[in-house]
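Listed in order, the protein sequences are those of chains U and B. When the letters of the first sequence are read in order and numbered with the UniProt record's numbering, they come out as residues 1 to 547. When the letters of the second sequence are read in order and numbered with the UniProt record's numbering, they come out as residues 1 to 547.
Be a bit skeptical, because a hint or two may be false.
Copies of the same chain are indistinguishable here, so a pair counts whether it falls within one copy or spans any two.
[Said to hold, decoys possible] Pairs of lysine-lysine, DSS-like flavour, derived with a Cα cap of 27 angstroms:
#1 Lys-241 <-> Lys-300
#2 Lys-538 <-> Lys-97
#3 Lys-134 <-> Lys-71
#4 Lys-300 <-> Lys-84
#5 Lys-84 <-> Lys-442
#6 Lys-93 <-> Lys-300
#7 Lys-268 <-> Lys-78
#8 Lys-151 <-> Lys-134
#9 Lys-504 <-> Lys-84
#10 Lys-459 <-> Lys-97
#11 Lys-97 <-> Lys-438
#12 Lys-504 <-> Lys-438
Since the hints were made in silico from the structure, they are not lab data. Keep in mind it's a predicted model, so treat the numbers as computed, not measured.
Number of protein chains: 2
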Amino acid sequence: MAPPSKDPPNHQDADVRAVTDTPTVELPSALTCAGVPARRLKSGVFNGGVAAATSSEFFKSKSLWKPLANKWDHRLSKESKSRKASSLKGAAKYLAKPGIISLGGGLPSSDYFPFEHIEIRVPTVGQFSEEETKINGQDVRIGKHDVPEGKSAFDLAIALNYGQGTGSAQMLRFVTEHTEIVHNPPYQDWQCIVDVGSTYALDTLYRMFCERGDYVISEEYTFATAVETAAPLGVKFLGVKIDDEGLIPEDLDQLLENWDDQARGGRKPYVLYTVPSGQNPTGSTQGRVRRQEIYRVAQKHDLLIIEDEPYYFLQMQPYTGPNAPPAPLPATHEEFLNSLVPSLLKMDVDGRVIRMDSFSKVISPGSRLGWITATSQICERFIRNCEVSAQNPSGFSQVILHRLLDEHWGHAGYLDWLIFIRKEYTQRRDIILQACEKYLPKELASWNPPAAGMFQWIKIAVEKHPDFGKREVVDIEDDIFQASVGECVLLSPGSWFAAERGVKHTALFFRATFAAAAGPDMTEAIRRFSVALKRVFKWEENEQISV
Amino acid sequence: MAPPSKDPPNHQDADVRAVTDTPTVELPSALTCAGVPARRLKSGVFNGGVAAATSSEFFKSKSLWKPLANKWDHRLSKESKSRKASSLKGAAKYLAKPGIISLGGGLPSSDYFPFEHIEIRVPTVGQFSEEETKINGQDVRIGKHDVPEGKSAFDLAIALNYGQGTGSAQMLRFVTEHTEIVHNPPYQDWQCIVDVGSTYALDTLYRMFCERGDYVISEEYTFATAVETAAPLGVKFLGVKIDDEGLIPEDLDQLLENWDDQARGGRKPYVLYTVPSGQNPTGSTQGRVRRQEIYRVAQKHDLLIIEDEPYYFLQMQPYTGPNAPPAPLPATHEEFLNSLVPSLLKMDVDGRVIRMDSFSKVISPGSRLGWITATSQICERFIRNCEVSAQNPSGFSQVILHRLLDEHWGHAGYLDWLIFIRKEYTQRRDIILQACEKYLPKELASWNPPAAGMFQWIKIAVEKHPDFGKREVVDIEDDIFQASVGECVLLSPGSWFAAERGVKHTALFFRATFAAAAGPDMTEAIRRFSVALKRVFKWEENEQISV
Numbered sequence: 001m002a003p004p005s006k007d008p009p010n011h012q013d014a015d016v017r018a019v020t021d022t023p024t025v026e027l028p029s030a031l032t033c034a035g036v037p038a039r040r041l042k043s044g045v046f047n048g049g050v051a052a053a054t055s056s057e058f059f060k061s062k063s064l065w066k067p068l069a070n071k072w073d074h075r076l077s078k079e080s081k082s083r084k085a086s087s088l089k090g091a092a093k094y095l096a097k098p099g100i101i102s103l104g105g106g107l108p109s110s111d112y113f114p115f116e117h118i119e120i121r122v123p124t125v126g127q128f129s130e131e132e133t134k135i136n137g138q139d140v141r142i143g144k145h146d147v148p149e150g151k152s153a154f155d156l157a158i159a160l161n162y163g164q165g166t167g168s169a170q171m172l173r174f175v176t177e178h179t180e181i182v183h184n185p186p187y188q189d190w191q192c193i194v195d196v197g198s199t200y201a202l203d204t205l206y207r208m209f210c211e212r213g214d215y216v217i218s219e220e221y222t223f224a225t226a227v228e229t230a231a232p233l234g235v236k237f238l239g240v241k242i243d244d245e246g247l248i249p250e251d252l253d254q255l256l257e258n259w260d261d262q263a264r265g266g267r268k269p270y271v272l273y274t275v276p277s278g279q280n281p282t283g284s285t286q287g288r289v290r291r292q293e294i295y296r297v298a299q300k301h302d303l304l305i306i307e308d309e310p311y312y313f314l315q316m317q318p319y320t321g322p323n324a325p326p327a328p329l330p331a332t333h334e335e336f337l338n339s340l341v342p343s344l345l346k347m348d349v350d351g352r353v354i355r356m357d358s359f360s361k362v363i364s365p366g367s368r369l370g371w372i373t374a375t376s377q378i379c380e381r382f383i384r385n386c387e388v389s390a391q392n393p394s395g396f397s398q399v400i401l402h403r404l405l406d407e408h409w410g411h412a413g414y415l416d417w418l419i420f421i422r423k424e425y426t427q428r429r430d431i432i433l434q435a436c437e438k439y440l441p442k443e444l445a446s447w448n449p450p451a452a453g454m455f456q457w458i459k460i461a462v463e464k465h466p467d468f469g470k471r472e473v474v475d476i477e478d479d480i481f482q483a484s485v486g487e488c489v490l491l492s493p494g495s496w497f498a499a500e501r502g503v504k505h506t507a508l509f510f511r512a513t514f515a516a517a518a519g520p521d522m523t524e525a526i527r528r529f530s531v532a533l534k535r536v537f538k539w540e541e542n543e544q545i546s547v
Numbered sequence: 001m002a003p004p005s006k007d008p009p010n011h012q013d014a015d016v017r018a019v020t021d022t023p024t025v026e027l028p029s030a031l032t033c034a035g036v037p038a039r040r041l042k043s044g045v046f047n048g049g050v051a052a053a054t055s056s057e058f059f060k061s062k063s064l065w066k067p068l069a070n071k072w073d074h075r076l077s078k079e080s081k082s083r084k085a086s087s088l089k090g091a092a093k094y095l096a097k098p099g100i101i102s103l104g105g106g107l108p109s110s111d112y113f114p115f116e117h118i119e120i121r122v123p124t125v126g127q128f129s130e131e132e133t134k135i136n137g138q139d140v141r142i143g144k145h146d147v148p149e150g151k152s153a154f155d156l157a158i159a160l161n162y163g164q165g166t167g168s169a170q171m172l173r174f175v176t177e178h179t180e181i182v183h184n185p186p187y188q189d190w191q192c193i194v195d196v197g198s199t200y201a202l203d204t205l206y207r208m209f210c211e212r213g214d215y216v217i218s219e220e221y222t223f224a225t226a227v228e229t230a231a232p233l234g235v236k237f238l239g240v241k242i243d244d245e246g247l248i249p250e251d252l253d254q255l256l257e258n259w260d261d262q263a264r265g266g267r268k269p270y271v272l273y274t275v276p277s278g279q280n281p282t283g284s285t286q287g288r289v290r291r292q293e294i295y296r297v298a299q300k301h302d303l304l305i306i307e308d309e310p311y312y313f314l315q316m317q318p319y320t321g322p323n324a325p326p327a328p329l330p331a332t333h334e335e336f337l338n339s340l341v342p343s344l345l346k347m348d349v350d351g352r353v354i355r356m357d358s359f360s361k362v363i364s365p366g367s368r369l370g371w372i373t374a375t376s377q378i379c380e381r382f383i384r385n386c387e388v389s390a391q392n393p394s395g396f397s398q399v400i401l402h403r404l405l406d407e408h409w410g411h412a413g414y415l416d417w418l419i420f421i422r423k424e425y426t427q428r429r430d431i432i433l434q435a436c437e438k439y440l441p442k443e444l445a446s447w448n449p450p451a452a453g454m455f456q457w458i459k460i461a462v463e464k465h466p467d468f469g470k471r472e473v474v475d476i477e478d479d480i481f482q483a484s485v486g487e488c489v490l491l492s493p494g495s496w497f498a499a500e501r502g503v504k505h506t507a508l509f510f511r512a513t514f515a516a517a518a519g520p521d522m523t524e525a526i527r528r529f530s531v532a533l534k535r536v537f538k539w540e541e542n543e544q545i546s547v
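If we strip away everything but chain U, and leave its shape as in the complex, we get (with noise of 0.2 angstroms):
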């Protein structure tokens, strides 16, 4: 496979080029929307009851032109290497027999879970807003009997009994379409799992991947909890040098071209953990091309790749600045999804891409719902994980997703909600760029508008405080994160981020996340931070700052 092209066409894939023996064969055209029921017809009878054993293989279209994913043994831990699949789940298979009474597997009876239904209020396609909810929001109902009683492919008595490590097929069913209407990977036998969040995956691959000593790459400044769940395993981050599109493949190349083993005390490095979209803290978003060249990058050095992605969908509309009308929200789905920056999965023709999905920033990180889309062999470790651990989603949260999504909205309904998401962060963002421009003097504070995400990250021109070189940057940056708190805000203060702990500050940020607080209390926010920072560096008000 030739390494991606350096200027491709805007808007199209990823320039995945198929592999077939048989060249005359007619590819069929990419799942959408509207191709789900079809693609469900072709799968056979829906096999979705208690505890059913369950595979991707099952809900995605075949394509067996495109290639098959390299073999990762060679990456494997030694803990993932010796999991073997339970015993007792073995003997799942005689249950298939007509007739059998099964007194073998210690799954309590629904007759005693005291939920006769569930009703769930929930916006109608279109009408997405709380209030429009309250109003003409529809009332879904899941029952316990469902399926028996034919409404419904998921009710409380499969949902509420145990359940496999790959979640219910009736979730899986719905996040593999989704995977593939999105991402359609370029390799044959990826997969998805359903599992409790992304932070439990990344626990989980961390122990699937990584032996004690080992390092783990990312950007320089990354999500802390990433660095936090691997250092009492022993595993160390190593930070790479970023730009306004993220990680910057050249140093990652010779980060990696320059590896010694003796030197770095671990050998050289083959998992690379990226945040793609959106990035936390930074707020940067690789483009088409920078994702191609990070990839070919990887694959140079048979790297797995880790991309964590809960900020896809909140790629927002351009930034239009404070005056000019906001950019146009895509039309149709398909200007919508081209909208979206490829995914790494997306240009993934190895299968050396394991991708984080959540809901958690879309739906609600309540709901402790996720999935990765990986390759078969790794997906099948990764179960053999789940199975003696965290298992699989609670059954409430799989029954309420799957009627919301899957039932009620249906893909193309998600979509729109998705598309009202990225209206609403788009906002959200325009408000405090807004107040960043109107409140923070330009000669200390410095920002770039985030494409995606939650977060933005303003630089401070350490280099203009009084005492600069005479005290720590980490020093200043608490005096400023103090005088702040002092004014009655909180921002994060950009070294809690680095990827390498105890190293040298020789910048300073600050993260700030439009996320959550209302926009005048956001507004408010900046302007107290402003006072606080102008305080720290003894700052004269003047004439640059429009009020």
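Following the hints, position chain B against chain U.
Below, chain B alone, put in the same frame as chain U:
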């Protein structure tokens, strides 16, 4: 603390002696369901907002006269010792400042949680059956903003946002009070943590206390998942002999007394994993004296005890045989609680018991919500794990269970529900016992009426098999298993539950569950099993079977 005496009166608290420096103080009476409102009043204002930091300490009765728990630093693994609190979570303390606006944390706004309310149809106290719930159940509404509207202590805006590794304050309060009502641990600094289920908790506990090469001790037949969770971590199980009351303390003592690191290839074990009530797979229940003896051995060898108790509230009525009337159900909550064998936690003066509780067998497995009870030190280390892994149970599970258990039923109603479950399981057990008596030839099969749980453990007289001594016991076991499948019935072979894998079996068992199948199906299943058994043993029908 003297070891428990051997001959205690029936149905009373374990003989725990309160230790105090101020013996004149008047000890308050133990917490009861009726005492909960007064208890809550004493705690002051309830803090249960979004991701509120919380602790059992807020919800327990003060008990300064009790001893403090032992410290377990010397037992913590390298991984656990090195865990640090999250830096971002540390900033949460500033949120308490009045008037502060936070742009710090990445919590999304509840405006975009697409759930206006959830309504659950649940049983009215005293009318617990599925049929009664359909007709007389109550519809309980959970709104998005119930807390600011003064309708409840918990709502969707809180439950569906991010949470803490402790679980929500609301559920933690309920399980803490429940634990105090039922077990009232005899040391001061016990706490609970709400987790995503006992399988996850067990995985976490192994990682907290074991290193590769370590042994965990358990009953010689044990929960297969407990063994399979440990194996990939390099942790091996060692089985202790059992009798009708489960684990034999003398055998445990001998094993530890005679431990030889060299011969065993590992250091002396200090973790005991045990299922005291309705043990899986043997159905055995440790009596009160047995538990005291086990605890005494644990004290002698300074063991940590993982008390896995999913079946604690599946302690059933005494078995009265096929023709006698059933024993009357407990008439009061006090009578009910006194009818339960006291837990190891209840006699744990040292803080060496880590109890795992579960709603899986008494509410529903799909809740994926359980809790541990242990010393504050162990709980703190456990939380550090949760917050960089599974985080906390699903918000849907938490808010639904809280509304049902805490606000709809209350503690008293929940005990009523547990008495209902007791009655139902007693009936189910009696059906399988009667089927065994009717169909299984006494020459080939023997069993005890289980006092708790969901399993009937059937011993097969393998020595009566024509090939006994010529073929391996597991091969004869497999013949019976295959013949059973041929007869359309599934029971689980005992060898699947061996604590030590690869050991030569001399006895032969099958496990049947009476939790799932309908009554007539269970009876038919045992009849079929009997046919298979007799065929494999070439056993001729004779007059000894009453038909």
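Results for each hint:
1. Lys-241 <-> Lys-300: within (19 angstroms within a copy, 56 angstroms between copies)
2. Lys-538 <-> Lys-97: Answer is between: at 25 angstroms across copies they meet the 27 angstroms cutoff, but 80 angstroms inside does not.
3. Lys-134 <-> Lys-71: Intra 50 angstroms, inter 52 angstroms, cutoff 27 angstroms: neither.
4. Lys-300 <-> Lys-84: Neither, since 32 angstroms and 36 angstroms both go past 27 angstroms.
5. Lys-84 <-> Lys-442: Neither. Shortest intra-copy (59 angstroms) and inter-copy (37 angstroms) distances fail the 27 angstroms Cα cut-off.
6. Lys-93 <-> Lys-300: neither (42 angstroms within a copy, 46 angstroms between copies)
7. Lys-268 <-> Lys-78: both (18 angstroms within a copy, 24 angstroms between copies)
8. Lys-151 <-> Lys-134: Both: 25 angstroms inside a chain and 17 angstroms across chains, each within 27 angstroms.
9. Lys-504 <-> Lys-84: between (45 angstroms within a copy, 21 angstroms between copies)
10. Lys-459 <-> Lys-97: For Lys-459 and Lys-97, the Cα distance is within 27 angstroms only across copies (26 angstroms; inside one copy 65 angstroms).
11. Lys-97 <-> Lys-438: between (71 angstroms within a copy, 26 angstroms between copies)
12. Lys-504 <-> Lys-438: Cα proximity of Lys-504 and Lys-438: none, with 32 angstroms in one copy and 78 angstroms across.
Comparing the model with each numbered hint stated earlier shows that hints 3, 4, 5, 6 and 12 do not hold.
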